[in-house]
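Novice: Sequence:
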Amino acid sequence: MRTIGKSDLTIFPLCLGGNPFGWTADEAAAFEILDAFTAGGGDFIDTADSYVAWVPGKKGGESETMIGRWMTSRKARDWVVIATKVGALEGFKALDRQTVTRAADASLARLGVDVIDLYYAHYDDPTLPIEEISAAFDALVKAGKVRQIGISNMSPERIEAWMQAAAAEGHAKPVALQPQYSLVARWPFEETIAPLAEKHHLGVFPYYALASGFLTGKYRSATDAQGAARRGSVAAYLNPAGFALLEALDEIAAAHDASVTSVSLAWLLAKPTVTAPIASVSRADQLPPLLAAPRLKLTAVEVERLDAASAKMG
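Under our numbering, the first residue of the sequence shown carries the number 1272, and numbering increases by one thereafter.
It cannot be assumed that every hint is accurate.
Stated by the list, open to error - Here are the simulated lysine-lysine pairs, DSS-like style, with alpha carbons at most 30 Å apart:
1) 1329 x 1470
2) 1416 x 1364
3) 1489 x 1583
4) 1583 x 1470
5) 1277 x 1364
6) 1413 x 1277
7) 1489 x 1568
8) 1568 x 1542
9) 1277 x 1568
10) 1416 x 1489
11) 1330 x 1470
12) 1568 x 1470
13) 1364 x 1329
14) 1346 x 1277
15) 1330 x 1364
16) 1346 x 1329
17) 1542 x 1470
18) 1416 x 1470
19) 1277 x 1329
20) 1346 x 1330
21) 1413 x 1489
22) 1277 x 1470
23) 1330 x 1277
24) 1568 x 1583
25) 1329 x 1416
26) 1542 x 1277
27) 1364 x 1470
28) 1470 x 1413
29) 1277 x 1416
30) 1416 x 1346
Stated by the list, open to error - Pairwise CB distance ranges, derived in the manner of DEER restraints:
31) 1362 x 1415: 19 to 29 Å
32) 1312 x 1380: 25 to 35 Å
33) 1522 x 1343: 44 to 54 Å
No wet-lab data here; the hints were simulated from the structure.
Bear in mind the structure is a predicted one, so any value in this text is a computation, not a measurement.
Cβ atoms here follow ideal geometry from the backbone N, Cα and C, with glycine treated the same way.
Please take these sequences and the hints and turn them into a complete structure.
Specialist: This is the structure in structure tokens:
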């Protein structure tokens, strides 16, 4: 178990992403995934009010609703930690106090809970002073609607400004960051965000931890990546540097009798600021290599080899 920043929230060090729920996983599949995830030791689920508004015919909130129904049916609220976000759904992109309060209330209703364990600013609102954003989220904590605050997709400058504003104004301080970070996307995180996480004792929850499936080893050629949903993102990694990284992953996976997926996530877990990577699946049978990652301990030499192999990826 790991603790989220300086909070009182402890979790199994793998976060299940809820973005497939209502998109590539219907409610029956979502329930199977959630059952298998928790049976395997998982207890931390990440979603957002905007999931899955990008799907034709959807309006957002579908993922939260499915998770809420599952928690109610399984009586799981007391032992599951829930994170959700505000700032990406049409009509709720502003981070002023009125908007985030309305968004939080809507998320609470869809999730069927009295309090959100971890509530993220999904994106920045550059129209507002950071002090006003800090005050808006602090009000949710003081109202008992949110336990802890997180930040996603903000510049290092705005993250630092939020931490300083919270300290100066006596607001609840953020305890978590959710940046993009993986073996194929190491910068700017390592240069500018990781130092802030260390300075302020923030838990880091990397998204796109498996790079749209590339870091599972599933895609080895342009032909493999021809599915419409994956072609653009995965194709960018199908180059000599990407193939060299897969070769290193293959060899380390073989040495541990593990999967490439597990090794990719274990590399993240070996990084000192990472609390838990976020990964998602569309079927329950895809979960075992994810759940195995926290139990896979890479050697320092293996971590260094992956560092070197991934240095040219981005």
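Novice: Give a verdict on every hint.
Specialist: Do the hints match the structure? See the list:
no.: 1; hint: 1329 x 1470; result: 40 Å, violated
no.: 2; hint: 1416 x 1364; result: 19 Å, holds
no.: 3; hint: 1489 x 1583; result: 20 Å, holds
no.: 4; hint: 1583 x 1470; result: 27 Å, holds
no.: 5; hint: 1277 x 1364; result: 28 Å, holds
no.: 6; hint: 1413 x 1277; result: 18 Å, holds
no.: 7; hint: 1489 x 1568; result: 22 Å, holds
no.: 8; hint: 1568 x 1542; result: 12 Å, holds
no.: 9; hint: 1277 x 1568; result: 24 Å, holds
no.: 10; hint: 1416 x 1489; result: 41 Å, violated
no.: 11; hint: 1330 x 1470; result: 38 Å, violated
no.: 12; hint: 1568 x 1470; result: 25 Å, holds
no.: 13; hint: 1364 x 1329; result: 17 Å, holds
no.: 14; hint: 1346 x 1277; result: 28 Å, holds
no.: 15; hint: 1330 x 1364; result: 14 Å, holds
no.: 16; hint: 1346 x 1329; result: 27 Å, holds
no.: 17; hint: 1542 x 1470; result: 15 Å, holds
no.: 18; hint: 1416 x 1470; result: 27 Å, holds
no.: 19; hint: 1277 x 1329; result: 37 Å, violated
no.: 20; hint: 1346 x 1330; result: 27 Å, holds
no.: 21; hint: 1413 x 1489; result: 46 Å, violated
no.: 22; hint: 1277 x 1470; result: 12 Å, holds
no.: 23; hint: 1330 x 1277; result: 35 Å, violated
no.: 24; hint: 1568 x 1583; result: 24 Å, holds
no.: 25; hint: 1329 x 1416; result: 26 Å, holds
no.: 26; hint: 1542 x 1277; result: 18 Å, holds
no.: 27; hint: 1364 x 1470; result: 29 Å, holds
no.: 28; hint: 1470 x 1413; result: 25 Å, holds
no.: 29; hint: 1277 x 1416; result: 19 Å, holds
no.: 30; hint: 1416 x 1346; result: 20 Å, holds
no.: 31; hint: 1362 x 1415: 19 to 29 Å; result: 25 Å, holds
no.: 32; hint: 1312 x 1380: 25 to 35 Å; result: 29 Å, holds
no.: 33; hint: 1522 x 1343: 44 to 54 Å; result: 46 Å, holds
In terms of the numbered hints stated before, the structure departs from hints 1, 10, 11, 19, 21, 23, listed from lowest to highest.
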